[in-house]
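Construct all of the structure, not just a fragment, from the sequences and the given hints.
Quick mapping for you: the protein sequence lines, in order, are chains A and B.
When we follow my numbering, the leftmost residue of the first sequence carries the number 1, and every step to the right adds one.
When we follow my numbering, the leftmost residue of the second sequence carries the number 326, and every step to the right adds one.
By construction, these hints were calculated from the structure, which means they are not laboratory data.
Among the clues, some could well be false.
With a straight-line Cα cutoff of 30 Å, these simulated DSSO-like cross-link-like pairs (lysine-lysine) come out [as the list claims (entries may be wrong)]:
#: 1; chain 1: A; residue 1: K172; chain 2: B; residue 2: K430
#: 2; chain 1: A; residue 1: K172; chain 2: A; residue 2: K190
#: 3; chain 1: A; residue 1: K221; chain 2: B; residue 2: K676
Note that this is a predicted model, so its numbers are computed, not measured.
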Amino acid sequence: MLAYIVRRLLYAIPILIGVNVLIFVLFFAVNTPDDMARLHLGVKHVTPEAIARWKAERGYDKPLFYNPGAAGLARFTDTLFVHRAVPMFAFRFGAADDGRDIGREIRTRMWPSLAVAVPVFLIGLLVNITFALILAFFRATYVDTAGVVLCVAMMSISGLFYIIGGQFLVSKLLHLVPISGYQEGWDAFKFLVLPVAVGVISGIGSGTRWYRTIFLEEMGKDYVRTARAKGLAEATVLFRHVLKNGLIPILTGAVVVIPTLFMGSLILESFFGIPGLGSYTIDAIRQQDFAIVHAMVFLGSVLYIVGLLATDISYTLVDPRIRLS
Amino acid sequence: MMPVQPVLLWTDLLLFLLLAVLALYAWQARRRPHLAAPWRRLARRPAAMAAAVILSAFVAVGLLDSIHFRPLLPTQTPGAAPQYAPETLSLLDQLLRPLREQKEKTYSAPFATHLYAMESVEVSAGRIVRLYPRLRYGGAHLGDDLGRRGADILLRAVRATGVALLLWAAAVALVAVGLARRHGVRWGAGLMRLMRGETALPWRTMLATFGVLLWLACLAGHWTPEWHIFGTDKVGQDVFYLSLKSIRTGLIIGTLTTLVMLPFALALGIMAGYFRGWVDDVIQYLYTTLNSIPGVLLIAAAVLVLQVRMDQLPDLTLVERADLRLLFLCMILGITSWTGLCRLLRAETLKLRQMEFVQAAEAFGVGPARIMMRHVLPNVMHIVLITLTLEFSGLVLAEAVLAYVGVGVDPSMHSWGNMINGARLELAREPMVWWLLTAAFVFMFVLVLAANVFADAVRDAFDPRVA
Chain A
1 MLAYIVRRLL
11 YAIPILIGVN
21 VLIFVLFFAV
31 NTPDDMARLH
41 LGVKHVTPEA
51 IARWKAERGY
61 DKPLFYNPGA
71 AGLARFTDTL
81 FVHRAVPMFA
91 FRFGAADDGR
101 DIGREIRTRM
111 WPSLAVAVPV
121 FLIGLLVNIT
131 FALILAFFRA
141 TYVDTAGVVL
151 CVAMMSISGL
161 FYIIGGQFLV
171 SKLLHLVPIS
181 GYQEGWDAFK
191 FLVLPVAVGV
201 ISGIGSGTRW
211 YRTIFLEEMG
221 KDYVRTARAK
231 GLAEATVLFR
241 HVLKNGLIPI
251 LTGAVVVIPT
261 LFMGSLILES
271 FFGIPGLGSY
281 TIDAIRQQDF
291 AIVHAMVFLG
301 SVLYIVGLLA
311 TDISYTLVDP
321 RIRLS
Chain B
326 MMPVQPVLLW
336 TDLLLFLLLA
346 VLALYAWQAR
356 RRPHLAAPWR
366 RLARRPAAMA
376 AAVILSAFVA
386 VGLLDSIHFR
396 PLLPTQTPGA
406 APQYAPETLS
416 LLDQLLRPLR
426 EQKEKTYSAP
436 FATHLYAMES
446 VEVSAGRIVR
456 LYPRLRYGGA
466 HLGDDLGRRG
476 ADILLRAVRA
486 TGVALLLWAA
496 AVALVAVGLA
506 RRHGVRWGAG
516 LMRLMRGETA
526 LPWRTMLATF
536 GVLLWLACLA
546 GHWTPEWHIF
556 GTDKVGQDVF
566 YLSLKSIRTG
576 LIIGTLTTLV
586 MLPFALALGI
596 MAGYFRGWVD
606 DVIQYLYTTL
616 NSIPGVLLIA
626 AAVLVLQVRM
636 DQLPDLTLVE
646 RADLRLLFLC
656 MILGITSWTG
666 LCRLLRAETL
676 KLRQMEFVQA
686 AEAFGVGPAR
696 IMMRHVLPNV
706 MHIVLITLTL
716 EFSGLVLAEA
726 VLAYVGVGVD
736 PSMHSWGNMI
746 NGARLELARE
756 PMVWWLLTAA
766 FVFMFVLVLA
776 ANVFADAVRD
786 AFDPRVA
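Okay, structure coming up:
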């Protein structure tokens, strides 16, 4: 088990290096610092001096991979790649274009993000499993058909409409909670109710349908027939046998998402004015702040890889049939 | 001298290429029973065929909008070289000419006769009154007799219903005669079969769906010359026209995204599954790396880079620039989505490799390239088709989100995402500007719902566990 984890961790290293090089090439080689400077200073009326100053202020005035001006090993270390991309491995993200430290921003903005993402994840999981079980219980009846039709219809609505509809209905017509904003502490509750509700509802369609398929597949297996043959009630079969085994693919499928919860939800946070990592990223994209986007892409990749690893480990924990090798 | 100068945009070219590939596949599949059987199964499902009818209506509008040209300008001097208009139009633009050209000043509600916003208007010398100005085109044929507004709308609806019923009856009769011929019965008997639903294909459902579509089209056709049925947007453009124009953008993003990355996914997926060993390792590393970058962020980063590049490009027309950006967006979306297809293809090839026919080909000394082309590729094409249909709806929805983030299609291009994005800012206004959102919602919902239903049926039809 330990050997497996170590090997998976070692396997993650080349992937992380690949991600970092890829993002670096995308940001700095395809799009040279000169281009960035021009973008920020305005395309017209830019003097070469202004560009040079802009680059020097942000440390973008070094060559990309090879510095012929330096001596010895510094030819390779005194480059943009080593200064910008390598510190990412130690989670040192440097400063944004407005001079603030990205690492500190991430640490403070992480909490509002989690405050939205964790309830959405947990409540969503609970609601979807409940609905899926109900549909599985009433399988091949009108309840089931109507439920699936409803799920497909709900899947076909853009997430933006759930948000806009929710804001319109709850905040504008009924005046129950503020349209957007955020406060620290317990006051956050009234700002969080609507985003969490919208997040859960927008996920019901696809989630319920997927879990229903898992439960139905499980119900076609031999052990269920055995349980029924023993004379167990349908509810007992469903809750004691099918639910437990159906949870294996559901939980392991959910584990991969857990680390990425830190990243928050781009759209939800931005619409509801929650100062989390999602809205941070969107603002950075709109202001074309490459340093922040670079950092967030890297962070997202790391969390995804952690999620993959956690998925593999969780398989062995919940399903003793699987042996890692 | 040609009356128009044809313009072939990159996305047009690829869209027609896609159609050609699909036609080729259909022709191939017809002759091979094992490829045709799942499609026959699909064609027997009423829900799938109803969805197919709706999708074909969308595709028809999208294709009409993909034939671009520049009209000839009326030449001033006879004998001079022909001059073409600077703006590129599509066949759809030409068909909807009144809709395109009847622009109001700003927002107006559906079927409105007056603008949405109050304006100061000088009624007589020096006297300025705040009022809702009359629309230039909306209900203009009524003149000042605004009391007839309701009656006019109703009368047009009745007339449209009559026309739709006639056309629909003709379509039903055509199908009934066709069925009667096929089964060698009199056409009355054919009609009975049709009405009872005793046909191999679900003609009854298809005709019902077609009837509803026809009715809606006739209603729109009768109302639009005089009314803005979905209102107008901020600069006074007809929202119904915008929604129709957005169909092409949605279709292109939904289909071309999978198409542009298809060669890579096919080549890498089949190679990884066929050669195994280090080739497999390298390809797996490649897609795991790409997959671990969050999709939206990769798209955002790439579009940011693109924006800088686009500014440096030599002069392109507005349409060409928007088109190039759309194509690039498809590619980026494709990069983030081909990994799933690649993994499926790899797994399927691993399975096929063990089959007797591949082993036999190897024993005969057929080279790997030939085996992959002739024996593996045709047998994994159904995976490509399933992925194409399954991913379609997600991509159409993703376009709206990307437009919101600010990394979607060009702001000058008509798309549902841009419509929603524009309307979002007006939500706080009193009274609300609701028609832009509603129009985008209705069109997106119908397209995505039809695509979802169709994709489910495709997957079920090909699923070996069901077969």
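How the hints compare with the structure:
1. K172/A x K430/B: 28 Å, holds
2. K172/A x K190/A: 15 Å, holds
3. K221/A x K676/B: Measuring from Cα to Cα gives roughly 24 Å; hence the hint holds.
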